[in-house]
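Undergrad: This is what each chain is made of:
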Amino acid sequence: MEIRLNRKEFLDELSPMQGIVERKTTIPVLSHLLLTAREDKLHLAATDLDVSLTSWCDAEVKREGGIAVQAKKLVEIIRSLTGEEVLLTQEESRELTIRAGRSRFKIHGLSPDDFPTLPAVDDGGNVPIPFADFRRMIGKILFAVSAEESRFQLNGALLKLKAGAVEMVATDGHRLALVESRLEGGTGDDAVLVPRKALQELTRLEGEGKLEYRRGEHHLSFRLGRRELICRILEGTFPDYERVIAKDNDKKLLFERKTLSEAVQRVALLTGDRARAVRLQFAPEQMVISAANPDLGEATEEVGCDYDGPEFKVGINPDYLSHFLSAVDTERIRLELKDENTQCVAYPFEGQDIRYLCVIMPMRI
Amino acid sequence: MARIHLLPDYLASQIAAGEVVERPASVVKELVENALDAGGREIEIQLEHGGKSRIQVADDGSGMGRDDALLAFDRHATSKILTFDDLERVATLGFRGEALASIASVARVEMTTAEQPGDGHRVSIEGGRVRGVEPYARPRGTTFDVRSLFFNVPARRKFLKSPQTELRRCLEVVQGYALARPDVRFLVLHEGRNLLDVLPAGATGPRERIGQIFGTELAGRLVAIPEVSEAGRGGERISGFLGDPETARGRRQLVFVNRRLLRDRAVLAAFYRAVREEWRSEDFPALFLFLDIPPEDVDVNVHPQKAEVRFRDPGLIDRVYDAFRRGLERARGEEPAPLRPPVSEPYVPFAWQGLGQMTQPEAWRRGATTDLPVQVTGASTSSWSPPERLAAASYAPVERPMVPLSGRHGEARPFRLLGQYKGTLILLEGPDGLYLIDQHVAHERILYERLRRSLLAETTPVQHLLTPLFLEVAPDEHLRLLELAPALDHCGFGLAPLSGNTLGVTAVPAVLGSAEAEALLRTLAHEDHEGAAAEDLRRRILEALAASLACKAAVKMHHPLAPQEMESLVAELFTAEQPYACPHGRPVVLQMSDADLERRFGRR
Ligand SMILES: Nc1ncnc2c1ncn2[C@@H]1O[C@H](COP(=O)(O)OP(=O)(O)OP(=O)(O)O)[C@@H](O)[C@H]1O
Ligand SMILES: [Mg+2]
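Chains as they are written, first to last, in my numbering: chain L, 1 to 365; chain E, 1001 to 1604.
Next up, chain E with everything else stripped away, as it sits in the complex:
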């Protein structure tokens, strides 16, 4: 008996549809892309029940004639490409001719469209089959009305999240296109409530649009990425904006390739690398990157939802990286960014970062270029300088006996305190080399662990606010914070929706200042917390808090310490859970091994 048979048409379509249409947000995405491809200047999206029961997308674009209107729902029906060569240079958002067919196979769809005002048609489709076509008078443009998504695919329906979450995802999609196309008006209504309404931005284009969505405060903190024309290939343009260090609170890094919002790993990796290099920081500022490249240089046909692309020119990422560096240099402004080298490895052999300006004898530098493993980073390689420099103070010599220090895992090692260097570093003689401990960072680490323990054990008092603190956020962040409201309440934050995209903070944990409270909420607004328990959230908030309190309370640089104080600090440090890095990721201990020293003195 034959066991292989052809799937019935409707089933094949549904399977194909699964690739394209996953949730209401995917429908919104496809319909908005079509509206943009049709030249729409005003796009209105209406949703019900988070888009689960109804999605309506209306545009004022080209519209379709009767034949096209019917053909549009056929699989592989597209007006956008004709030949294989066309596929090589897709300039429109759509090209597969698959979206409408997919949507129509899993929902009840009605479309009205007109090429000329008044002279239009209405097409209704259910489960992929055309139910009727009739003349319909309407202004130029097209409106899709998609109801009961997945009415015929219960398994899919079951995987949808709460209306609030689905709604937020739809909004995210629209926001993305709104940022990419500041010349188009976007309007989003949910059950009659206006969630987003951005008018075509004027002369200042993209920056104005960013302000419309994320608030004018953020827009004011952005600098344009300087453009260079000659470096790139013909037709290539790398533009956009970078935020100042303050904007790192928001975690907004958006990359657009040919006006399509993507999560491109290579581009983001280049960005993180550039921030680390240029700012010596792990605080990644806001990024709005618009990469416009000739369509033939980018392959968009690699992901069913077009969420990824492939660049044909490997040099592109380098040019993007250079653009980031230039932008970051400008965005940093006067203030040096905080010192936060990445903590890839806790043990940093003979590295000098954190020691401020090093005056390096000529011979050393010559040696450094040959075979010695000397890393000279920081002051000498860039204009960046550490927040505080070592003052020309004296080093207090002490004569101390050996103290055995036992680490967390019981291993005891003999150390001798040599003294304090410029009131800043504790010098230790160890069995295998010389140890330098940054006293501020070490103390910060110890306090952090102590504070975290006690904060997690206590119930933290909550201060009600007399007048709410206003928090201006993007529409999707607004929804996310409201989703988190019950968990946040558990942590001591009272939230109330106010007009538009402003939230009112009515209560804060009493240990936080209003600026700290705001920074925390902004960070949370931008992260995905699906499924995060209230308790996890509380822990994260308290850890962030412990880190900031510890930093304030820790002994400062240029503060002389008695030998006993240094010994007890070091002893406590070595029993810490993580003695090598402060809560912000700065190294605590540097070691110069005996081998390194011997090599430097030419004994090896």
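Extracted from the complex, chain L is given alone in its bound form:
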């Protein structure tokens, strides 16, 4: 290949590719990016076999060609260069020369044939979803996606398209987060499990406008402008989650989000790192959070709240509460509880979503 392109534009397309590339991989080509010069464009691709990302930038192509180059080094080089333009040339098939200003790099690469063929998702019907909304929704549930490999069907979130709405649900077996937002013109009825890494990388796709969502037989495609993220659909059955959202929790408490969040984090300092548990004791107009650990000591804090029911207490993992409190975007939040064995349900108070909630299973301490 022999091409000339804008450095800034090139760098903008390279950046989101970095997250896709596997850092620790036993297959060398997966730490590479595929660069292909064709017609007026330089096409870029990265994959870890489960999630892949493609994009392109405008280029002045003198000679077409392709090469796979080490992703990390390429990004570092392009970022470190100065000047507006970069020249990429391939004098030999496994070598890429990068020129900008007075600098010249010659880096070794691999044949494009070694790069895996990326899956394609047919250009059938697509559902446009405002990207800003989509990203906000992911941020509200990502913390609840399980990291435990033994329950692989929980290593992703359920994405559900309904008439006029989108819903996302994630759970790790101890807690569950669900968010539902309006979707203009949304139709249909589709539910699919999106792997965690795809969700993470989706939030890193910068850009405005609408994300085009398309579902293939084994893969999903998310296109935002010139970038397209394709991921394998996570196979498996997601738990029947509507059943675990407790509907008849009669004890309802209203908190200042920030106050509660800070108090929980402070008290949690005195929970051991093996099993994190705090006790919440409720009385009219106040709640006491406490933690005790035989190795460390004890901590308590009173938090004011809007409550006038009977006294009771419940044990809970403070991290689960904190994760919700950091993800929620309203000033105040509501907790609904019943007793020490029933799940606690946390809601924002007057939020913008149709529905946002986090179910947390209590602990026995």
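Hints in this document: simulated from the structure, not taken from any laboratory.
It cannot be assumed that every hint is accurate.
[As the list claims (entries may be wrong)] Derived list of chain E stretches under chain L, where covered just means 3 residues or more per stretch with a C-beta under 8 Å from a C-beta of chain L: (1) 1099 to 1107; (2) 1501 to 1510.
[Said to hold, decoys possible] Computed far set for chain E versus chain L, every beta-carbon distance over 10 Å: (3) R1066; (4) V1133; (5) P1135; (6) A1155; (7) F1159; (8) R1325; (9) P1431; (10) A1457; (11) G1513; (12) A1515; (13) G1602.
Just so it is clear, CB atoms sit at the ideal spot from N, CA and C, and this is done for glycine as well.
Could you slot chain E with the ligands onto chain L? The hints should help.
TA: Structure of chain E with the ligands alone, referenced to chain L:
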């Protein structure tokens, strides 16, 4: 006055019966064996009150005519052997003609049987005596209905366990035959509830049957033991399956000799030896061994319940051992098994296991073949390699003074820290030799003892689960876990029976991940805990937990340590309760004694 007299008939029978019939499970065993001997393809077992009040076994086998039906209950009445020579080559499960007589002497028995559909008989017997015989129309086959076991032997009745425990034992028996005979359908009902229903397995036979009983996950982790035809004697066949290292959680090792489930010590010992040799591990995987040998090569007449046999050919065990080795090599797959040499003796003189690949000078190797006590195990003898190898890092020389280390028993011995070898081993000069300490394992041992102390002292929080964790277990394991449920609750596990043989785990100790929780429950499901107190169980669970946490938290290999750190690690190690082996059994300390060193340098 004569003091010796003959026992009345009924008493003699009852005493004889005691050998054969010990509990409901023994009745189930004898009746199922008879059904199989009669060529039954579909065997249905119905139980009430754990089999204590009723055991019904129905088959679709050959059935009996009127005369045989009556004779069957006589002692030493059998159709299976005629001469002494026959006894030498018993090919059926039964041969003594004792089972029915024994059962009939201690229970109320009713039998219906027909050789031809419609043309049958009903025989009822109580306390060993025939009460009536009448024509009875039924399909071909035989049904035994055994009620009120030990109604006339209260002493025996008293020794029976809870219905749940007796039921589990009955199930264990049926499961054993179901595994041995995948071509037969078995159905077990307890008070109308379906506990086991396995249809005749298709082409994949034994593996499919294992899947029907233990779940498809286990079946998928099995590899077939490669068969070799020429090694064995004529008519001998060694076949079966071995699990991958993951299956070690379940502790399922079953040996069948001529389709009879046995606990044969010699075979199991060969298996343990093979795992230690081939995998260098104490994690014994699942084993389903089917030994089919000519009946004349095996003596089944050595145990009243036929639970043991004697092999006439001493070479058999060696051939079985070789088969295990071949199977284990295949079952291990790509992953090297974890390093866990057995801890027979904590003090390992001049042994190199754990040190990774040793490049051995030619002269040493020659020396090793003569009189030197050098054990070279590990990398050089098999394809196995330790999980991590020593990197080519440097050894940090230090100049340290002597530190007296006092052990647990007060004895103080002077040690000098020589340094750290490749960021992995701590080298010590001792009064009697050179000491090598694996820093990771040493730290693991120390942490383990600390964690165990604090876990046992604390109350551990319990995390309720949003949706239950599903645990697929065999029917007998299912019952055992339910028996343990109250004790498990005390430890923080919530269990709920779900459909079939699936259990739902609704709560786990918060310190456990779901995979760890599952592994623990699987282990418990397979062990006998009769009489184990809830507190013992809790201790065991917490110890297992401490071991796994300690391993994660301990300093890793290739991690440089400051001299002070090494000294304090060693000092703490020497005051540990058991400084020589990590909680998994790996050695912590190796010693090269001065005598060994001198010999190696040719000074002795
Ligand atoms: N289900 C059955 N169908 C057909 N015949 C049976 C059945 N059960 C028992 N018999 C007949 O009754 C005989 C006596 O059975 P029993 O179990 O007492 O002795 P066995 O099986 O010969 O020897 P063992 O005492 O070792 O079991 C058998 O030999 C067989 O002929
Ligand atoms: Mg018999």
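Undergrad: Output the indices of the hints that this structure fails to meet, ascending.
TA: 1, 10, 11 and 12
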